[in-house]
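Chains as they are written, first to last, in this note's numbering: chain Z, 1 to 457; chain E, 458 to 652; chain P, 653 to 840; chain L, 841 to 1401.
If you're looking for bench data, these hints aren't it; they were derived computationally from the structure.
Note that the Cβ used here is the ideal one computed from N, Cα and C, for glycine as well.
Every clue listed holds true.
Lysine-lysine pairs mimicking DSS-like chemistry, simulated, CA-CA at most 30 Å apart:
id, chain 1, residue 1, chain 2, residue 2
1, P, Lys818, E, Lys634
2, E, Lys461, L, Lys1330
3, P, Lys827, L, Lys891
4, L, Lys1379, P, Lys779
5, E, Lys461, P, Lys734
6, L, Lys1378, P, Lys779
7, E, Lys555, P, Lys782
8, E, Lys648, L, Lys866
9, E, Lys461, P, Lys779
10, L, Lys1309, E, Lys461
11, Z, Lys322, Z, Lys170
12, L, Lys889, P, Lys829
13, Z, Lys84, Z, Lys144
14, P, Lys738, E, Lys461
15, Z, Lys84, E, Lys555
16, L, Lys1118, L, Lys1172
17, L, Lys1330, P, Lys767
18, Z, Lys433, Z, Lys143
19, Z, Lys35, E, Lys510
20, E, Lys543, P, Lys782
21, L, Lys1379, E, Lys543
22, Z, Lys10, E, Lys472
23, E, Lys648, L, Lys891
24, E, Lys629, E, Lys543
25, Z, Lys274, E, Lys571
26, L, Lys1242, L, Lys1064
27, L, Lys1330, E, Lys543
28, Z, Lys73, E, Lys510
Now the in silico label distances, taken between C-beta atoms and shown as ranges:
id, chain 1, residue 1, chain 2, residue 2, range
29, P, Leu831, L, Asp861, 29 to 35 Å
30, L, Asp861, P, Val821, 26 to 32 Å
31, L, Pro1363, P, Asp690, 48 to 54 Å
Okay, the calculated bits of chain E under chain Z, using three or more residues with CB under 8 Å as the criterion:
id, stretch
32, 473-487
33, 494-500
34, 506-519
35, 615-625
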Amino acid sequence: MTVKTEGIIKIDKELCTGCRRCTGVCPVDAIEGEKGQPQTINVERCVLCGQCVQICSAYASAFDEDIAPREQKMEERNMLPSVKEPLFASYYTGHAPTVKKVLVNNSLFTMVQCAPAVRVAIAEEFGMPLGSLTPGKMAAALKKLGFNRVYDTNFTADLTIMEEGNELIKRVTEGGVLPMFTSCCPAWVKFIEQDYPELIPHLSSCKSPQQMAGALFKTYGAQVDGVDAAKVYSVSVMPCVCKKFECERPEMKDSGYRDVDVAITTRELAQLIKDAGIDFNGLPEEEFDKPLGTYTGAGTIFGATGGVMEAALRTAYELITKQEIPDVNLKLVRGVEGVRTADVKVGDLTLKVAVVAGLKNVIPVLEAIKAGKADFHFIEVMTCPVGCVSGGGQPKVLIPDEQANAYTNRTCNTYVHDENMEYRKSHNNPEIKKIYEKFLVEDNIHHLLHTKYTPRR
Amino acid sequence: MNTKLNSFVVADPRKCIGCKACELACAVVHADSDGKTVGTVETPIMPRLFLVKTAEVTMPIQCRHCEDAPCANACPVDAISQVDNKILINTEACVGCKTCMMACPFGAMDLVPKYKDGQVVTQNGLMSETEDGLVEKEVMLAHKCDLCVDQPNGPACIRVCPEKALELIVPKQVKRKRNVEAATNFLDSVKNFFD
Amino acid sequence: MNTFVVANPNKCIGCKACEIACAVAHLGTSVATAGFIDAPFSPRISLVRAEMVTMPIQCRQCDDAPCANACPVAAIVNQDNKIVVKPELCIGCKTCIVACPFGAIDVVPRCQNGKEQMQMSLNVITKEGKENKEVMVAHKCDLCAGRLGGPACVEVCPGDAFTLVKPEVINDSIKNKRLSSALDIIGK
Amino acid sequence: MSGLGTAFGSGAMTNSIYEIDEMGPKDAIFAIGTNTTECHPIIGVKMLKAKARGIKLVVADPRKTDLARHADVWLRHRPGTDVALLNGLSYVILTEGLADETFIAERTENFEAFKEVAMRFTPEYTASITKVPAEKIIEAARIIAKADATASYYTMGITQHTTGVDNVLSVANVAMLTGNMGKSKGGVNPLRGQNNVQGACDMGALPNVYTGYQSVTNPDVKAKFEKAWNAQLSDKVGLTIPSVLNAITRDEVKILYVFGENPMRSDPDINHVEHCLKHLDCLIVQDIFLTETAEIADVVLPGVSYAEKDGTFSSTDRTVQRIRKAVEPKGKSLPDWQILRDIMKAMGYPADYSSAEDVFDEMRFLTPSYAGISYKRLENGGIPWPCPNENHPGTPILHIGKFSRGLGKFAPIEHREPAELPDEEYPLMLTTGRVVAHYHTGTMTRRSWGLNGAHPEESLEINPKDAEKLNIEDGDEISVTTRRGSLITKAQVTTRVPQGLTFITFHFTESPGNILTNSAADPVTQTPEFKVCSVKVKKLDFSDFGCQKRKIFRKKSSYIK
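This is chain Z alone, in the form it adopts within the complex (with noise of 0.2 Å):
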């Protein structure tokens, strides 16, 4: 079974100069199309990483009469109205419309939720430094935007971590299938079902925090408002492009509905919110809403490749050896390359990680593995050059050499935001600690929370 991909990543034809730049940064080669030609997207191989859109310059001129009125390229978009900035040849179609109409409709109970990635790069859109910190400006947007929840997607990465954390000891020590691969990255997903299906099997079969949030909204969310789950309305905000076709997978619908109805990105926040006129940088900060809002620096970490790791780290060692971690800041996995690999002393196993950015430096590993070279317990990996906070979704930099400043900033800014964090550790989060004593139990954590995965070739 294959799910749609046409339409979510577009490259407008009227405005390709056929310059190809996409090309160089487009993972799976799905890019299509002579030197100086419009190109074309090879949906079938696409992975929807939405690369392609923050590297196109090939911007629609307010002065060029020979192309479609923008009115209409926006409507094509599906961009609100009152969007100023100017159109490239690369984009995505939005959803920011549907989000805008959803929150004038009071028959529904609007729940949403922020990756982790978001909190260090929209105030960018507003003219804040590259990679400001916000989370609290964020929440409080949101309210005022007026979703009745505002949750947080760094709570079901903490909730990521006690599942995949549990998976990954099982594995190792009742011999399941090693490394383990983590998947909260779904353009990662979809390229292992298309590219490697032998290796499905090496994928955790936890759900990534966006869905397994999804599933909670209206299973326990629904129960904690006691609204009926047929009226929430669940939103994801995302530094991606891909989540819009991961919450549209058929299979996710384990709480007996759309576990996500709708994903947005960073960039359709900051319209919404310019669009409901809202001065974000003139907002007070406030709290998420408990109880699905409240993290860790587990949690937050997840934005930065390397990020998922960590806190899988943090958390496996505490419940291997049952004794504190010496040091949180496991900085050996942190870093910038490509592929990174370490050691870790767990009590007396010592596991044997990866963490892999950027989509096209996984293929050695991957081959690495199937030829039996690779002896690894557990691997990270990313699509994006430098995990999320480098996503399609996010704000997109307009002078080329500026790019690295953003990553780095909103890496950095990733890693203060985790240390200026009451708890570190996802297990340590009390909100974690309820929902397995009050909600959680053996059957529905298995459909709540994980996934199965389907060749695609």
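Using the hints, position chains E, P and L against chain Z.
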């Protein structure tokens, strides 16, 4: 007066891939907003160099900072002068007469609306007659390459070009380099002609 | 085929007499008295002192002149077997400088009878204030058109380094080369 | 002068420059310390044409001059190591049996003493001092010795050293060793640094001689001149320029009369020169323009240019030639002889000369080597002295059959290092010279539209490797500093100079090279070491100093107009 020739930026059509990164960067560094991401751009992109893309050629075209700048000599209000070896427009003086656009043989001169803080600036007196009545008319200004006079690290177009296709030409240096190359290359052909 | 002047580096002593003769020949005024000329010194030939060679470089009067083809205002034309700049058309855009592979073309103040011409309305603004800018024109070898005795550089060179290459000179030389290569083939 | 005097008995160029036109494939030219194509262009052209005819050319110069580029062998020796290089050449000639035994036996003396020293300069040892590869030294020696005739040419690159005389003697050694003296297309030929410098010396413009090198200490000569001039004359040798300056500071010289000379730019260590000249009671300057020296003079006497006067010039090869007035003198200016005549009259001496010819005739009757040269004869072209009588054709080649002093004298010379060598503080070596467009201190050429246009400003030649270390790019404004002074100029990054060496001229008053040079001089001739001193070079960060210099330049150039 020991005349130093004005430098200018020119692109190598063999290298240019037509990505428009130069146009974008040009517009951005000249905008009054200090936003760094696309979302912060609220005014139209108004570059001072222009990508030409046809079947024969792909390259951006911009001002050559002519020594006898036809635009300046054509300007009826002396709004264009040479400052520090650059041909610059004094926007305060410009009346939007478009003579410079007609005078420039490169099409390097443009006429664009004036924006301030993301808002188009309108004129005090002049109104436009439209179907919804009289509306204030925006201020229009002559618009051309200023060699990024306010940029600490030089012309943005050169900086951002992924193919390094743009180059700042310092005429006398180019001439000298070519002279030396020509002389050196000529050495070999000598014996075949003179001896 | 156009005529041009070229120098033999093996005879050049780098004395710059050609540069001076060129500048004087085009000055249109006497240089006999010391220190009374305001006109800038702008020869149409430049002596090159490079690592490997010392020799003057000047226009080759290319039959497919890149300078002319690059000129946006058609100020460079082919006239009496040479490439000529029409100063009244030139706008000093310097595109010809970029186009010429020899670096044989320059842009300099336009002088008439040793006096610089000023532009109508282009001003140069400096801290000292506003001043009119001199007319700048593309500047290249014109083979001393109209000068008795032909190109001044050829005439003045103490080393007899220059050759005035008329079409027949080239034709003769290539004829001879063809002959000798033919003879080489039959081994004579 | 003095070096060749010691070796041959005469200090002048031994052969005629016209011989170059007759040289062919069997002949050779050995040019050392001469940038002939730039400083003597006409002779340079002759050399290149001879080269085209197939002569062998050996050039010794630290800089890659145009002549060096055309050479069969180019010896790039370290500045100030000429003696070692020449001894090294002699070693090869001696050991390879290339020496002219008969010539040495019949025409020279002191050979053994010289040989003993020369035999220590093996190619390897010489290479270690001069940095010239041994095989090049051997190659050069063979060319010089094997040619039918080898003419040696040198200029200030040989003489302007603390070892100036030693250098000259060493050139003479090589010439005698190869039997190249007193024969056509051979000889030792010092090219004079300035027009008519030969004539000035011939006329006794030296501290120790009257006209034609007649010694002031010789009583007969003294008597002859006292009789002719009806005046008491001193028999004491006068002062050289450096000792004049020192005498001024000791109040032994109170009045100085300078003509056709610009010590404020042409002498080493200008700051010292200025101090001295300002210390004088009275400075009189006679020149055709207001030179830097004239600017500080008490009295300025307006002379006339070459085109405004009659007289003779003696060219570098001793050929006496007529020059004729082409235009009338401007304003109140007068020919030098008239100014001097009027001063003599004013001092009460009956100087009744009515023409340049009168002066010339008086001179030649008192000067054996000029005796046979008359204006009448000169109408048919120049005559090289010595010319003892009116039937004598003149002497294009000296020392035929016999040296002026009898036997040619070999000189055993040891290598001595220059007075000032690079160190931590002043890491680079500076050598000075000229460019083709300018003459001396530019008094005339800087005022010529064409010449000044062709070379409008000073620049310091510096090797790319050194420039890179100092992060200097071609055309950058730099400061050049020695222990004596500092100037501002532009960098000319070029491989013409080797790593460690820089080059500057002394033509440009706005960056006067001689503010840097060392006044340390040759012990015999007192010729200063213009060719070697040590400097430090720094890129200018648009300091006020830079602006200051630009101001000076503006002032200067407007003054030139």
